[in-house]
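Line by line, the protein sequences give chains A and B.
First residue of the first sequence: 3, per the working numbering; consecutive thereafter.
First residue of the second sequence: 115, per the working numbering; consecutive thereafter.
Careful: at least some of the hints might be erroneous.
Unchecked claim - Now the in silico label distances, taken between C-beta atoms and shown as ranges:
no.: 1; chain 1: B; residue 1: 425; chain 2: A; residue 2: 126; range: 53 to 63 Å
no.: 2; chain 1: A; residue 1: 49; chain 2: B; residue 2: 210; range: 52 to 62 Å
no.: 3; chain 1: A; residue 1: 126; chain 2: B; residue 2: 219; range: 29 to 39 Å
no.: 4; chain 1: B; residue 1: 300; chain 2: A; residue 2: 313; range: 38 to 48 Å
no.: 5; chain 1: B; residue 1: 298; chain 2: A; residue 2: 350; range: 56 to 66 Å
no.: 6; chain 1: A; residue 1: 76; chain 2: B; residue 2: 409; range: 44 to 54 Å
no.: 7; chain 1: A; residue 1: 370; chain 2: B; residue 2: 253; range: 47 to 57 Å
no.: 8; chain 1: B; residue 1: 400; chain 2: A; residue 2: 183; range: 47 to 57 Å
no.: 9; chain 1: A; residue 1: 313; chain 2: B; residue 2: 161; range: 26 to 36 Å
no.: 10; chain 1: A; residue 1: 186; chain 2: B; residue 2: 357; range: 39 to 49 Å
FYI, nobody ran anything at the bench for these hints, they're computed from the structure.
What you are looking at is a predicted structure, and each value in this text was computed from that prediction instead of being measured.
Note that CB positions come from ideal geometry on N, CA and C, so glycine has one too.
Listed below are the residues making up each chain.
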Amino acid sequence: MFILQRFHDCKVELNKRGYKIASKICNNLDTTDSMAAERTVPKFDSSSIKITREEGLMLYEDMVLGRLFEDKCAEMYYRGRMFGFVHLYNGQEAVSTGVIRAMRRDEDFVSSTYRDHVHALSAGVPAREVMAELFGKATGCSKGRGGSMHMFSAQHKLLGGYAFVAEGIPVAMGAAYQSKYRKDALGDASADQVTACFFGDGASNNGQFFECLNMSALWKLPIIYVVENNKWAIGMAHDRATSQPEIYKKASVFSMAGVEVDGMDVLAVRAAAQEAVERARAGEGPTLIEALTYRFRGHSLADPDELRSAEEKEYWATKDPITRFADYLTKQKLATAQELKDLDKKVQEIINDAVAFAESSPEPDPSELRRYIFAED
Amino acid sequence: MAETLMFNALREATDEEMARDDTVFVLGEDVGHYGGSYKVTKNLHEKYGDLRVLDTPIAENSFCGMAVGAALTGLRPIIEGMNMGFLLLAFNQIANNAGMLRYTSGGNFKIPMVIRGPGGVGRQLGAEHSQRLEAYFHAVPGLKIVACSTAYNAKGLLKAAIRDDNPVLFFEHVLLYNHKEDLPDEEYIVPLDKAEMVRPGKDVTILTYSRMRHHCTQAAKMLEKKGFDPEVIDLISLKPFDMETISASVKKTHRVIIVEECMKTGGIGAELVALISEQLFDELDAPVLRLSSQDIPTPYNGALERLTIIQPGQIVEAVEKMVAMQV
Ligand SMILES: Cc1ncc(C[n+]2csc(CCOP(=O)(O)OP(=O)(O)O)c2C)c(N)n1
Ligand SMILES: [Mg+2]
């Protein structure tokens, strides 16, 4: 029975207490909000791969940039510098870094959700432009029109910033279709761009997800669907929202590759992404990657975060992807603790500079209120 | 009398109707354990259980369709759109099924359901989260559309909507959930199809709804000081319009200004202007004026956002100009 697999940790209990407990876990109408047993995370054997010192430091810096940027956002939000709904990415850095840094910067496409600051940073949008957007300034990557949930950059092939759940999935599929079209219909052999499409566990219960899996598998599109399964969709526990919590398995129904990966291990994510990128570039079709991860903060800075248990938060805090990778780097003698500290400092300076830039940037010109509605503006 | 915040007034209405009629149930995203994104259903799942306060996955089109099915077969669902904008994903089920099915079935079925939730501009939530769907849905036949604006009318209108045998789109405003008012201790209902006289006056008729009502009353206070006497009417029912109240007012003032938060093109005011000119043309001493939001996606930047919607000062100016107009 799949439940026994899924809830590895309560296997014994299930066997002893039988159907009653099993159905309690399965039936979303019955479960409580307290911590469900954690899924067994697939073990990744890091000794199976070799990374260089440069690669290691690049991955580390990218994750630290994401973390410290978001910490600064929280500070700036509480100081009244940014507004609206602001969704932070703390805890999930290994997914953004692991996937996006396995792609070609400024060539491959990335699409995101409202939790998009860090995907934008990994894709190469300068911290200055992301911060300025959050401040609503004219120098922001969306010219102050978009805000936290609508980061865009044509230059860095960031397709957005989608505030509505799951709506980015079909759009990303369109970018992937475009690559295939150029290659196969227009005969442009250089059109081998891959699209990475990020979304959450909650989005995977929306029809657009299933419709797009079908079409992209059908047409063998060069796309990687990355589900960041952080166990919650605001206050809705994943297990209360889906009849099959192992999202990666849904790929098989559409005859496409689906893998599950430890989303707190940047090397594991990177390895899975590299394989998926290769498959996509080779014209062999899409991949669904389910990254098991966790957000260390509430859903947004406005969320009281009352439903997730302290026990669950503590459990995941011990899996911090950054400390874990720092550990790896020092143990493998790829970097010293001092070097990592210096990198942290360098990143902090980038972020401080981004804030100074955002602060001193001009507000959008009120006379341009109606600009950008049509292509000619 | 008990001082009540609007979100609690809505909660009381839901609670009272669920207690009164056990076919009434709530469904939507995070309405149960989380208590609703604006706390309108807080703790109701504890009282009524998870099947009567149903937490759905993020599957708007399907759960709206499911509500239509439940309504066809005898239940009285209340859908909470976590934000009304999200129901754009359910446009088909709301338009084709909720709105038109009674007609296409030749009266075989009725669809007693309420679709409620927050909309509107004003918290720098960006374009997608700052929508005014009342205008988008206005053309759909078979839907009743109302917008509440105070704790008092919110409670009474929601109760009426739940008891109505038709699909009712019920608009709340993100910035009004903390509107406070003393509510009667005894039960009351506010009819869905009656406009509310907010401030009687004789100089000009100001027709408005939802949050803009409060901008209009602010403007009216400034205008009073300047010696003007505007009449402010809260439309409440956006479909159908209460033409009786509207025409009585126009026959008195002969001047109309519409203040709305939806965009100008294809907005609520557009339809109102058409009706007024069809039915009351001879009563008018001046062209009907619309003060509407700009025809643009709501920008994130605070200053631009303020420029997008109508501010009280603009209403004052418009009234001064219109009343000063020689006829
Ligand atoms: C169409 C739509 N419905 C509802 C929402 C409100 N909403 C925003 S985020 C969210 C939860 C999404 O959870 P998940 O997909 O797991 O992503 P996470 O926030 O965990 O990253 C919901 C319901 C929305 N933005 N869009
Ligand atoms: Mg999630």
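Hints and how they fare:
no., hint, verdict
1, 425(B) with 126(A): 53 to 63 Å, "40 Å, violated"
2, 49(A) with 210(B): 52 to 62 Å, "58 Å, holds"
3, 126(A) with 219(B): 29 to 39 Å, "55 Å, violated"
4, 300(B) with 313(A): 38 to 48 Å, "46 Å, holds"
5, 298(B) with 350(A): 56 to 66 Å, "58 Å, holds"
6, 76(A) with 409(B): 44 to 54 Å, "35 Å, violated"
7, 370(A) with 253(B): 47 to 57 Å, "32 Å, violated"
8, 400(B) with 183(A): 47 to 57 Å, "56 Å, holds"
9, 313(A) with 161(B): 26 to 36 Å, "27 Å, holds"
10, 186(A) with 357(B): 39 to 49 Å, "59 Å, violated"
Violation of the numbered hints given earlier is confined to hints 1, 3, 6, 7 and 10; the remaining hints are satisfied by the structure.
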